[in-house]
Amino acid sequence: MLEEAVEARERGDLMNSLALCLEHLADSPNDPQGHLLLANLYYLSGCAELAASSVMDLFRRFPDKLSLQKLLVALNPNLTLEELSAANLSKANPSEVNVVSSVQGEGDKDKELRESSDSVLAESEFDFDELNLLEEKDGG
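Numbering-wise (the numbering used here), the sequence shown opens with residue 51 and increments by one.
One or more hints might be untrue.
Pair by pair, the computed Cβ-Cβ distance ranges are [what the hints assert, rightly or not]: (1) M51 x E132: 35 to 41 Å; (2) E99 x D63: 20 to 26 Å; (3) G96 x N128: 15 to 21 Å; (4) A136 x E57: 35 to 41 Å; (5) E53 x L116: 22 to 28 Å; (6) L64 x L116: 17 to 23 Å.
Here are the simulated DMTMM-like cross-link-like pairs (lysine to aspartate or glutamate), alpha carbons at most 20 Å apart as the crow flies [what the hints assert, rightly or not]: (7) K115 x E132; (8) K115 x E133; (9) K115 x D81.
The set of hints was computed from the structure by calculation and includes no laboratory data. All of these numbers come straight from a predicted model, not from anything done at the bench. The beta carbon of each residue, even a glycine, is placed where N, CA and C say it ideally should be.
Just need the whole structure built from these sequences, with the hints factored in.
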């Protein structure tokens, strides 16, 4: 069903893609690919904050995935690596981390991550290959 949702998105049928994606997530609520597609659909629909929230949820589950960090920074260029670390530490209370934040004292790693993120969402493409690795780590 997720493949059908991706195909619908590629055809530009976002409503059908969203319906199929939500149906897939109802059956497989822990599927990271489904959640990433949902984030992508939010983004394509002009709901960047919802997209960032969905990606942040994935980041909390998979904090070692650089592609998720890049997506978060691309969705919110003001997000710093320190805030990403805080987000990972506040798994129990997601409201502690403000996805919309200001840059203060940006370090070299922040700058490098931000510069490399420019191409991540250039065509609003999300890295489904990377999430195949997440699925394996998650145990299925």
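Status of the hints after comparison with the structure:
1. Between M51 and E132 the C-beta distance comes to about 39 Å, which sits within the given range of 35 to 41 Å.
2. Checked against the hint of 20 to 26 Å, the pair E99 and D63 passes, with Cβ atoms roughly 23 Å apart.
3. Checking the proposed 15 to 21 Å range against G96 and N128 shows it holds: the Cβ atoms sit about 19 Å from each other.
4. Here the CB-CB span from A136 to E57 is close to 38 Å, well matched to the stated 35 to 41 Å.
5. With their beta carbons about 26 Å apart, E53 and L116 fall inside the hinted range of 22 to 28 Å.
6. The beta-carbon spacing between L64 and L116, approximately 28 Å, falls outside the hinted interval of 17 to 23 Å.
7. This hinted pair checks out: K115 and E132 have alpha carbons roughly 16 Å apart, not beyond 20 Å.
8. Distance check on the hinted pair: K115 and E133 sit about 15 Å apart at the alpha-carbon level, within 20 Å; holds.
9. Simply put, K115 and D81 have alpha-carbon atoms about 16 Å apart, close enough for the 20 Å limit, and the pair holds.
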